[in-house]
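S.K.: As a plain string of letters, each chain reads:
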Amino acid sequence: MNSSVIIFPGSNCDRDMDVALKKFGFKNKMVWHDDDKLPKSDLIVLPGGFSYGDYLRCGSIAGKSKIIQSVIDFANSGGLVLGICNGFQILTETGLLKGVLQQNKNIEFICKNIFIKINNSENKFFSNIEKNVLELHIAHNEGNYFCSEDELKSLQDNNQIAAYYCASDGKIDEKSNPNGAIKNIAGIFNEKKNILGMMPHPERMIDQYLSGEDGSVFFENLIRNLK
Amino acid sequence: MEVNEKIAVEHGLKPDEYQKICDLLKRVPNLTELGIFSAMWNEHCSYKSSRLHLKKLNTKGKKVIQGPGENAGVIDIGDDDAIVFKIESHNHPSFIEPYQGAATGVGGIMRDVFTMGARPIANLNSIHFGSTQHKKTKNLLRGVVKGIGGYGNCIGVPTIAGQTCFDQSYNGNILVNAMTLGLVNKNKIFYSKAAGINKPVIYVGSKTGRDGIHGASMASAIFDDKIEEKKPTVQVGDPFTEKLLLEACLELMSDKSIIAIQDMGAAGLTSSSIEMASKGNLGIELSLDKVPCREEKMTPYEIMLSESQERMLIVLENGKEDSAKKIFDKWNLDFAVIGKTTNSKNIELYFEKEKVANIPIKFLANEAPMYDRPWKKTKVPQKIKFSNSDFKKLKFNDVIKKMISNPNICSKQWIWEQYDHTVMGDTIQKPGGDAGVVRVHGSKKAVASSVDSSASYCYAHPFTGGKQVVCEAWRNLVSVGAEPIAITNCLNFGNPEKKENMGEFVECIDGINEASKYLNFPVVSGNVSFYNETKDKGIKPTPTIGGVGLLKDYENIMSMNFKSKDNLVLAIGKTEGSLDQSVFAKVILDEKKGPPPEINLFNEKNNGEAILKVIKEKLALSVHDVSLGGIMIAALKMCVNGNKGIKFYKFKGLINIYQYFFSEDQGRYIIEVDKKNLKKVESILKKNSVHFDLLGETTDKEIIINDELTFTVDKVAEFYKGWLYKYMS
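Chains as they are written, first to last, in the working numbering: chain A, 1 to 227; chain B, 1 to 729.
Keep in mind that the hints were calculated from the coordinates and are not lab data.
Computed beta-carbon distance windows for the label pairs:
1) B:Lys-517 to A:Met-30: 45 to 51 Å
2) B:Leu-250 to A:Pro-39: 22 to 28 Å
3) A:Gly-78 to B:Ser-443: 39 to 45 Å
4) B:Asp-322 to A:Gln-156: 54 to 60 Å
5) A:Asp-36 to B:Ser-344: 47 to 53 Å
6) A:Asp-34 to B:Lys-355: 40 to 46 Å
7) A:Lys-171 to B:Lys-385: 55 to 61 Å
8) B:Asn-643 to A:Met-30: 36 to 42 Å
9) A:Asp-36 to B:Arg-51: 54 to 60 Å
10) A:Gly-95 to B:Glu-354: 55 to 61 Å
11) A:Gln-208 to B:Glu-682: 26 to 32 Å
12) B:Lys-676 to A:Gln-208: 20 to 26 Å
13) B:Ser-443 to A:Glu-174: 40 to 46 Å
Residues from chain A that keep clear of chain B, each with C-beta distances beyond 12 Å, as calculated:
14) Asp-36
15) Asn-159
16) Lys-193
Output of the computed footprint for chain B on chain A, the stretches with three or more beta carbons under 8 Å from beta carbons of chain B:
17) 12-25
18) 50-62
19) 108-116
20) 194-208
Glycine included, every Cβ here is placed at the ideal spot set by N, Cα and C.
Excised from the complex, chain A in its bound form (with noise of 0.2 Å):
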């Protein structure tokens, strides 16, 4: 399996996502923001990071940098493209998912270990999956997503809402929300369910020495589903 990580200025959590990639058999390849082709990829990773140092709003100049027509163009063509943490934010800001990420509600940085419950496993991001309530970690300022009424509807109508944050047993409440973040949304799909972006990190969970060890179920699963 092919993967490609795109790396803007400012990203910083690009070589995190290309040892996981690794890790799990993807054979993956950096892409640098001004080149205007992808590689031939099953999958294409937006990484976490400050790209263009997140000025006016995070990742609002990366979704205009030039190589993201061609990951526009990818997804379209119902490729698979997963945005983590900053890569999240870049996907709201080219259209591809709907909604913005603002603020978190306590308006402080927040690193620390969360669960997330999944809500749409019918996808090559969660089928199969052996666990429904995954402990990752999230590492953010603007992770407190939201949307209007009317998208919100139609994201739960499209069954397009990927994960909740919730609690150790999947409780899904106020306390386990860590950012303010609308019915507890922690990461959406696109309509097709091509495109995920969701904030916490998967990729710094991948060892046993490290905060835990369910990012390696995320990726062991996602390439599963690709092969």
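Starting from the structure of chain A, add chain B where the hints point.
M.R.: Below, chain B without anything else, positioned relative to chain A:
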């Protein structure tokens, strides 16, 4: 403007220093030259009050590749890998403008590390604030934490450990010390020594603005009521540009174009150009018209003294300009050839075709003043005689609650959750442990690091305090299973012109030196911050020690959380029961006098080495060193982190239960051991003549003292973790 003594004094120079400048030059300097002298001769750049004493420090060791004198120290960790590290203060700017002050402190220290060719792999910080009752403390804390996070998080370097203290001596002068560790191949280290004549001098990074002009002089001045007016001299950081600069510099360093490189830190273009030339025994010629400027009509004076951030000065090999420029173009950074090295041994500056300064470099570097300031020795204070009645009125449960939720003991989770501590995917001990640990990417090795200070001990008796801080750093590294290698120090003191403050400095250094020699734990880098006083009130002497150690195999990492119930808990090292200068004495008995706990370096080393053996033999389940709050607080932290309880065995001894549990005697650890391994552990400890007490055993949730349940671990966790959140909300 004609330069005279009055203007020189306004630049922070003393009248006799001004006279020396005129004598050396055999003329009156012009304003630009005066500005350059004032920047190079101030305390921050010249170390004029400290140089004499810093020379005494133990800086050599088998694993030291580079000691003090470069941008940062370098140690060998085997297999051609080396760790570059340093700690630096940004105290004055952070008090005036906490966010930017702290942010640029982090930015500055990271530049010091990647200037040497190393990729930063971990950040740490030590921050000291005034009393929690003081009206400014909350805002300063919030601002500093946001600033540290804002910069480090954006660059993508994990903040893996730190230390936070509150004490009223910092009410008017907070401390922000930032430390960075970087990883480099030991054959590819870059230094700041220029070599060769007619080599191009290159300016890269951000443009030069008017921010931070005379920042270094401000850092060497005493605060008064009007300090807020100095806000414009605080630099503004841009971590995004620094991230680009980091990547561009490391890319350029992958070939052989660079002869010397130096970041523009304090005193900006002035100190960087002079330092490179001075080390190479060369001259340097700069055309200031070519410096990329952010603002219009900047004068040579302003260009030379600006402390705009995220800038570097490089001496390149001839003919490498174009290939180097391509790299900086790719990263969208300014690149300008602004001068060349010469054989004049002078710094010569040109602006609009005129020569605007011409100073022999040795006047600025070697001839800078050095003072042997008078200093006063501190006597060991009398021991406090506590009487039985002092203890009789106490209720044990109340004492526990008050101690574990004390601002200097409680969990700092509110702080470190705002720092990205997991980016780079190699953090295997996050903040909240005894030391932070990151793996050396792609290898079996890991590097441990901690940062410590003990201002109360240093204030009570500087010599003992100085020793203690070094031992504390050593112990923290041992507790995670790392072999301690070397330290960096950030020496925060009051006014060196006062003999009491100077005495504190001299004796703390002597203490640091003694411990550093005994433990074979050399000082490889550091910085001095004097004049930490406001309106005549100095801070407590606060040497901050950053320690670095190595785990050859990261699978042997040790942590402090109790692992399961029904294991034995041992207290390693002898408990004498001395309460003087302990948190208990201050907080519970309201007694602030007395000597700090004694340091016995033999026991310190012996106990630590025995602990490392026990860890290596895989006989310890958890390890934690005993520090503030004594055995009780250490054990409770192990409970909270592991979500387990502890049943303390009935205590029998000559000292009372408070003295046993809350004394801060040094050189001690608590370890958790599987019952079946007790014999083996005992045999290692006995063989090494290490004293130990059987303290108790782990339980499911209950914390039991004298056969009575005091609290559940959940309740203690609430006290321990809750205080800071409540305070900041």
